[in-house]
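**Q** Once you have looked at the hints, place chain B on chain A.
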Amino acid sequence: MLKLFRVGAVSLCFSLSSTQILALETGIKGFTVDGRARQGYSVLYDLDQGGTETGPASYLGEVNFSFRPSRTWTFVGNFWIRGMWNDPNWVEPEGGLKNLLGGPPFPSGSFEHGTQNCNLEAREFCAPNNQVDIYDDFNDDIIRELSVKYRDKKGRFTTKIGKFQRGWGQSDGLRLLDIVNPQDLRSHFVFKNADETRIPLWMISTDFNLKKMGLSKPFEAIGMNRPVLELNIAPEIRHSEVVVNNPTPGASTDGGQFGLPWPNLVDEGFAHQSGLGAVGFGAALSNNELDDFEWSDPEVSMRLKFDTLGGTATLNAFYGYQDLPLVLLQDGAVFVGSGVNDADSALAVAPVTREELIGAIWAPSFTGGPSVEGQPSGYLPYLRGAAGKGPLTTSPLTALTGGACNDPVNDPGGAGVECSVTANLDLDYTFRQKVVGFSFTRDLSDFISLGRKGTGPSFRTEVSHEFDKPFNSSVVADPFTGQLNTGSPNLLVAPEDVIEERDVTSVMIGFDYPFWVPGWESQEKSIFTSVQFFNIHTEDADNLLSQAPYSFNEVEDNQNFITFLWEMRLDNQRFVTEGLYIRNVQNNGTAYRQRLDFNYFGKHWRPRIEWQFFDGKQGVAPIGLFNDKDFVELSITYQF
Amino acid sequence: MNHFKISIGAVFAGAMMSSLTVTAETNRALEAWKAYAAQSGNPNHAKWVEEISKPEALRLAKEWAELRGYDAYDLIDKTDLPAELKPGLKITAANADQFPWLKDYLPAEHLAALTSDWGNIGEITIVPTNTYYMHEGYLKGTKELRDSGTEIQISDKGELVYPDGSYALMSGPGATSIPFLNPKNGLELNWDYVANSVNTDTLVFEPIHMRACTPSGKVDVEYKADLWWWHYHNRMNVGPYGDIDGKEDYIEGGSIFFKEPNDIRGLAGVRQRYPEAGKPDDFKVFIPSLRRTRTLTGSDAQDPIASGLELTWDDWRAYWSKTDIDQFDYKLVGDGFILASPEVGYVYNSIDWTEDQCNVKSIELELRPVWILDIEDKTGKYMYSKRRTWVDKEFFYMQYHMTWDPRGNPLRNWDDVRAWRPTVGDAQWTSVIVNNYVTKRASTLNMTPAWDDRDERISEEMFDVDQLRDYQ
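Chains A and B are the protein sequences, given in the same order. Quick note: the first sequence uses the numbering used here, first residue 1, plus one each step. Quick note: the second sequence uses the numbering used here, first residue 1001, plus one each step.
Just chain A, same shape as in the assembly (with noise of 0.2 Å):
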């Protein structure tokens, strides 16, 4: 904890020192210099173990210069580095692989972060936290911004080009239209603003104004006025970033509290499934990526913007990739001499391919035909087996290596060597992404007149369509029987065997309202309070994963999710506080942040205190990922 708060100041103080050799007024007409430097510091509650922990202390340095030497010139060049210490002594209790000596359910063993020193043998998982100690790749984390815009001198066109970002769309939270970015979920996951999720790219951006380029005539016949066409081209492809607390030796990961939880390896589901941890089961996550810059296939987006009906409308168009990954196997590994998956420590590593990794997983019998009582089957009619949901077989690593590996069913801790098996699994980041949508807003003012002003709420309604969205199927059929299956087993079968594609329609309603409170003679300021409802129906939804690997629950038909948002400034306007309600409705899942901002210091310093609460059902994301990570910020931003 002390060293923590070392490193925190060290860095606010390099931060604070670097900024006052900065000049505010620089001098030269349009050239400005702002920045700011920021360090949090939080406590978990509400934790699996119970008590509380130190929590995540995310911190951030950025400076932004803005040249605008004319009206059809703008330069931009934003830059930040962050970063997110975590508490190196914290422990998951339930964070590791399973426990190849724990015996039937084999429960996962622990998981420390924070260390790459644990006692594997104890079952004492642990991966380095460096994944989310900072932020440093140039292009990838620490450019925010660089562009130059130039606007035609006529207006009829305004080009941007360098890296920067795009916001899509009339919803806030969940994403329908705002697909132009990927989104960084290392820090905090999605619980942050917009802007520091975002994932900037390299793209080109032009504004058409169609009025004046004189093409206006056939949309304004039709009631599309003022239309102005957005082109966006992306070079530079980008995913969703995240960071999986990944215990599994030598590919071991860790994204502190907020990391993706590791998937809890479980053969359970249908009557047939044993109910049973994966023990000797690992796997090895590895992006499957394109490339950074795909010239001649980038990423495409269109929005035209236009009035009607007295409000602001777009037609959406984008041509990209999923910023989301589907998980396919590859191959596997046998790590003989090791039951936790550690190359290291293995008297040999055989790599096996996909097809005698699928062979060895789901197998009957090793001999043909069903399976045997006392003979080797395949790992997972082996695993039922050993649950009394069919014969008992022996453990096919004790078979393939010729004895060497011991049985942990027949004959836990008798002959033979611990063994394991890692599953070498592709987040494959490569499938297409096709999206039309259509937004539309409207102040209601003119029909509507509510409350002690009288004032009227503001209308925001999206729409987006998604065709082929790629799914991971959260039912398999078993290549050797045709029994289905589900559950962690879904992953384990052949890339052609477990996607399906769905097309996928999004709504959402959404209204702002700025809420003067009956009887509140003294109120400063309105309360500004926004409210949305989201239906998100997927076509013949059943038997579709959410997100693998990170949550295994199955897509809804139709999934609702509403969100409040009010925002409430006292004492002047000083003392800001906000809160941000949202319901997962099928999955009765709740999330609520309420910040509370003290801007009693100046221009210069703000404190804010941030709290987090997160109730859904465990492993149903995204709120239910973290259901054990509510916490407590502290932050303070010095901003120039």
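Worth flagging that the hints you see were computed from the coordinates, not collected in a lab. Any given hint could be a false lead.
Beta-carbon label-pair distances, calculated as ranges [claimed, not checked]:
1. 45(A) / 1279(B): 48 to 58 Å
2. 1440(B) / 448(A): 30 to 40 Å
3. 1279(B) / 511(A): 14 to 24 Å
4. 1451(B) / 152(A): 19 to 29 Å
5. 605(A) / 1440(B): 16 to 26 Å
6. 152(A) / 1171(B): 19 to 29 Å
7. 1055(B) / 605(A): 53 to 63 Å
Ideal Cβ placement from N, Cα and C applies to all residues, glycine included.
**A** Chain B alone, transformed into the frame defined by chain A:
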């Protein structure tokens, strides 16, 4: 009152030490200022004299006086004023009691500020009355209406219309003119004030500094922004002339892009006014933390434009709420004279601020002829139960402004220094004082108006929030 009154003509005759034959080569305001500048020895005053001495300034003053049928001095001639009320008089907390007539001319809030420990005014100096006028476009437009016999009317809905019912502020001379040179009632006076708009086709503050001060008179929070205002139709003062393409549905627009402090940098807002009664303003903001444009409700422009400021969206240029006869009564409750800040900001700032700009070391005030306009809320739902505006009889813009909250308590005042260009007649702003008498907090605004290249640099980019988002 037992103080001695003599006619103002005699006062200024003494000051000027010469006979006042008004010709195209001079006017009484100029002569008064010449005398006063010689007396004060203040180089700012000398520069001001130089500016109002220019032939274009004298010509415009003469033509506007002919159009109106009077200038400020003609109106002053017709009243009796206290003998002490003359250029050069200095008023402080120590001597204010010696001038019991002050309450008849000096806004009560300014008088109280002499002894207040917040929003304090250390010293008031009376300067000569100027003669003000609007720019050539308004002169031409108003003459055209007169010469063509076109009578601008107020519709049953309270809208300003031509005889054929079309909106006067959307085309032709009505868009750039004073519709009622001699307003007969509050609604006509209100429309004169509205038609004045900001008395320039393109207003540019690059930047505007806004400070909110605590009840103890210290800076609480400060903001820096660029701010613009565009007159959309029949533009005659700054290019592009005529009408602005793409703004056919609106009368005018105001916009702002915040540059400091950092946590709201990039916050941009655009508010545009429709001519139709009952149609709320188009009101959009770009929120940098969302990187998204949000439509606000035009029916709620009663929030401060930034935390802590006593400046609401409806208080731009003191009064920018939409004319609405269903919600408000407009009453012409009288006329007279008031001591208010001179519009000399093009040459110098007549407010000398304390270092923190929360208080005033000294301020210059001049005597202005005004109509008094009361705008009263009929619904009980507006932030002000009443606005009282002292509308200048030469300038058709307010000289002083005061509001009361729904319980009838004095709420906010407004006094400003316009940056008025005598040779052109157009104006921007230099400084504004806004005090809240409930919370005892002052907000002060200091603007740097830009005059050059406005036709080139300012475009629809500033009035389309989806373009303004990338301004800097």
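**Q** All hints are to be evaluated individually against the structure, with a verdict given for each.
**A** Structure-based check of each hint:
1. 45(A) / 1279(B): 48 to 58 Å: 51 Å, holds
2. 1440(B) / 448(A): 30 to 40 Å: 36 Å, holds
3. 1279(B) / 511(A): 14 to 24 Å: Hint holds: Cβ distance 20 Å, inside 14 to 24 Å.
4. 1451(B) / 152(A): 19 to 29 Å: Cβ of residue 1451(B) to Cβ of residue 152(A): about 25 Å, so the range 19 to 29 Å holds.
5. 605(A) / 1440(B): 16 to 26 Å: 24 Å, holds
6. 152(A) / 1171(B): 19 to 29 Å: 27 Å, holds
7. 1055(B) / 605(A): 53 to 63 Å: At roughly 54 Å between Cβ atoms, residue 605(A) and residue 1055(B) fall inside 53 to 63 Å, so the hint holds.
Violated hints: none; the structure is consistent with every hint.
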